[in-house]
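Work out the full structure: start from the sequences and follow the hints.
There are 2 protein chains.
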Amino acid sequence: MKISINRQYFIEQLNHCLKAISPRTTLPILNGIKMEVKEESLVLTGSDSEISIEITIPTEIDNEEILEIEEPGTVVLSGRFFVDIIKKLSGDFVALETNDQFQTKITASQSEFNLSGNDPDQYPLLPEVNDEESVVLPSAVLKTIITQTNFAVSLSETRPVLTGINWQFSEDGIKFTATDSHRLALRKLQGEQFNMENMNAIIPGKSLTELNKIITDSDEEVEIHFSQNQVLFSYGNMRFISRLLEGNYPDTSRLFPENYETKVTVKNSEFYHAIDRVSLLAREGGNNVIRMTVENGSVALSSNSPEVGTVHEAINTGKVEGEDLKISFNSKYMMDALKAINDDEVSIEFFGTMRPFTLEAAESDEVVQLILPIRTY
Amino acid sequence: MKISINRQYFIEQLNHCLKAISPRTTLPILNGIKMEVKEESLVLTGSDSEISIEITIPTEIDNEEILEIEEPGTVVLSGRFFVDIIKKLSGDFVALETNDQFQTKITASQSEFNLSGNDPDQYPLLPEVNDEESVVLPSAVLKTIITQTNFAVSLSETRPVLTGINWQFSEDGIKFTATDSHRLALRKLQGEQFNMENMNAIIPGKSLTELNKIITDSDEEVEIHFSQNQVLFSYGNMRFISRLLEGNYPDTSRLFPENYETKVTVKNSEFYHAIDRVSLLAREGGNNVIRMTVENGSVALSSNSPEVGTVHEAINTGKVEGEDLKISFNSKYMMDALKAINDDEVSIEFFGTMRPFTLEAAESDEVVQLILPIRTY
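Protein chains in written order, with UniProt numbering: chain A, 1 to 377; chain B, 1 to 377.
Keep in mind that the hints were calculated from the coordinates and are not lab data.
Misleading hints may appear alongside valid ones.
Copies of one chain are not kept apart here, so a pair can be met inside one copy or by any two copies together.
What the hints assert, rightly or not - Below, a list of computed lysine to any residue pairs in the SDA-like style, where the Cα atoms sit at most 20 Å apart:
no., residue 1, residue 2
1, K339, S90
2, K88, V308
3, K88, R291
4, K143, A361
5, K88, N212
6, K213, H16
7, K332, L89
8, K87, K332
9, K87, S302
10, K143, E220
11, K87, Q8
12, K213, V136
13, K88, N304
14, K213, L137
15, K87, R375
16, K206, E50
The structure is reproduced here in structure tokens:
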């Protein structure tokens, strides 16, 4: 292969590709980026066998030449190191030329690198994903969905299905669920157009974290295709493929209680910062447990740590309905849940000291966050 | 004690104080910040017994009330944790009140913290530094001096004096020297006014690193006082005290050779970036050694790493005097030295393949950097 490519554009695409590359891969060739020069394009591939990212670079973008192809060919070059070189070179364009032994010459300005490359035949084939049926979301919507659920996936491999987000399709739309069994995040997306034959898939949280770093907060469409074991996100010049988690996701629909005993409506940001302050002491005491008291229509937060001290916060702007309450919970879970609710006002419904409580936006049930309390006495 | 203090101003001063506090202190009370409320001021002290920082906060700054004192008194409060609380509170002012058992109530807006404090009588006394004789430098000059030398101090405790910077006073001015025995940084400050009776002191590199984070790039004066074992930097409302290193600093004056065999003059930034690129491969190969070749009036850099590849850089804008040369050196030392030379053009003088070489600005000998080459064949 022999090409010349716009250096800044190349760096951006390589950085996307790097997101699929893990330094802890068991297959050494997966440390590399595969570069396949065709007649009219350059295809970059990075993969850690869980996630694969494939980017197609055309010769022109908006009538501006990005890529000049003198000779097609394919090579695999050591990922991070290769990207570091391209970044540190000077000049607008960089030239790449590979010989029969995959030795690759990189030249720009007064610099010349000669790198050992790898045989692309040793690079694993990407999984194929059936392109027939798909659901389409604007990338900004997909970003919000990931942000509102992904934090709640389990970090433990004890129950592997809980490390993923459950996408559950029905006639009403899609339900996205994540839980680590201490708290649960549920996002609903209404709309008949999202029905995909009652598909039910579990996408690894890690894959969605990486996808979220690449897609932008815009109207650009993401086409999502599912096969038996894989999901493909097709976005601009990029194909992002992740394996799906096998197994059955637990039925979480019964977890949501009805008929609250106590309901508190608070200003999201004010409540968040109060929790943040009270949790300072909870953290110093070695755990994140703080206490909330609802009494005579007023709400207070407190925490104490025997060696360090005590803290007390009065919540002024709350509206209280129902019975008095004393409840303890993990402050981190509460802060995560508040961040995931895109609204100035949050309603928290309690069903007694020992039962899970729920958070929703005051005006919408698009997002429901559920948290298990902690028994402290 | 009982005070109310401007929260933002308090945070800034506490952050300065924290720079003296090490989490690895052997004396637990040194994890805390000592707060001494006098009739007209609040004095904050932080110390790790190597460095001590004392900050005096007045009641008013530019006719604006910063501090309101209701009752003097003294307490020691756990450092980082206390500062975190002050940062996360809301409101412009925060109130502090300490009782006889050093229990301290912190209130702002709807928040109330009650922290266990410590008896200030258990806090060690700061070393006394004789204030009589001093040298005065603008803080911007002191910052430059630290930046141009401090990187070259030794990180190993094998020869403790080499972990500090030698300040050598004479009738001509001050010489600042740092060396880890592989490279040396020398900065000269000319001027009779800097003569302090041929004083010779070794200030720990770590202390100067912390000082450098606090002082700003301005004309504000820093008064520097030396005692037998301590140095005091007096800067605005702050007293920064560091212990001095004991022992004799090696005589480095004989290290500087005369009559170069080869002299190369290069553009600083261009040469720096070329070294940076070539060192990418040197680093990948497990060391930082790169080779420089001067031949027929042209300069080139190269490096190779058997598994990875080779790199070659031609340096275009150099001026060459003297003999041809092949020399190898640590690229990191070279990059550190180039950064320390505040000039677009740098002269490098070589005295043969196996002898130390020197870098200076083309137009000034205020800074001299010396590097030992590496034998590679």
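Tested hints:
1. For the homomeric pair K339 and S90, the shortest alpha-carbon distance between copies (19 Å) is at most 20 Å, but the shortest distance inside one copy (42 Å) is not.
2. Taking identical chains as interchangeable, the C-alpha atoms of K88 and V308 lie at most 20 Å apart only when they sit on different chains, with a minimum of 17 Å there against 50 Å within one chain.
3. Taking identical chains as interchangeable, the C-alpha atoms of K88 and R291 lie at most 20 Å apart only when they sit on different chains, with a minimum of 19 Å there against 53 Å within one chain.
4. In the homo-oligomer, the alpha carbons of K143 and A361 lie at most 20 Å apart inside one protomer (19 Å), although the nearest pairing across protomers, at 52 Å, exceeds that limit.
5. Proximity of K88 and N212 under a CA criterion of 20 Å is satisfied in neither setting, with 27 Å inside one chain copy and 29 Å between copies.
6. Taking CA atoms no more than 20 Å apart as the test, K213 paired with H16 passes inside one copy only; the shortest distance there is 9 Å, against 35 Å between copies.
7. In the homo-oligomer, the alpha carbons of K332 and L89 lie at most 20 Å apart only across protomers (18 Å), although the nearest pairing inside one protomer, at 44 Å, exceeds that limit.
8. In this assembly of identical chains, the alpha carbons of K87 and K332 lie at most 20 Å apart only when taken from different copies (18 Å versus 38 Å within one copy).
9. In this assembly of identical chains, the alpha carbons of K87 and S302 lie at most 20 Å apart only when taken from different copies (18 Å versus 51 Å within one copy).
10. In this assembly of identical chains, K143 and E220 lie within 20 Å of each other by CA distance solely inside one copy; the values are 12 Å within and 49 Å between copies.
11. With identical chains, the CA atoms of K87 and Q8 are at most 20 Å apart within one copy only, with a shortest distance of 8 Å there and 40 Å across copies.
12. When the C-alpha separation of K213 and V136 is checked against a cutoff of 20 Å, the pair qualifies only within one copy, where the shortest distance is 19 Å, while the shortest distance between copies is 51 Å.
13. In this assembly of identical chains, the alpha carbons of K88 and N304 lie at most 20 Å apart only when taken from different copies (17 Å versus 52 Å within one copy).
14. Taking CA atoms no more than 20 Å apart as the test, K213 paired with L137 passes inside one copy only; the shortest distance there is 16 Å, against 48 Å between copies.
15. For the homomeric pair K87 and R375, neither the shortest alpha-carbon distance inside one copy (53 Å) nor that between copies (30 Å) is at most 20 Å.
16. Proximity of K206 and E50 under a CA criterion of 20 Å is satisfied intra-copy only: 9 Å inside one chain copy versus 45 Å between copies.
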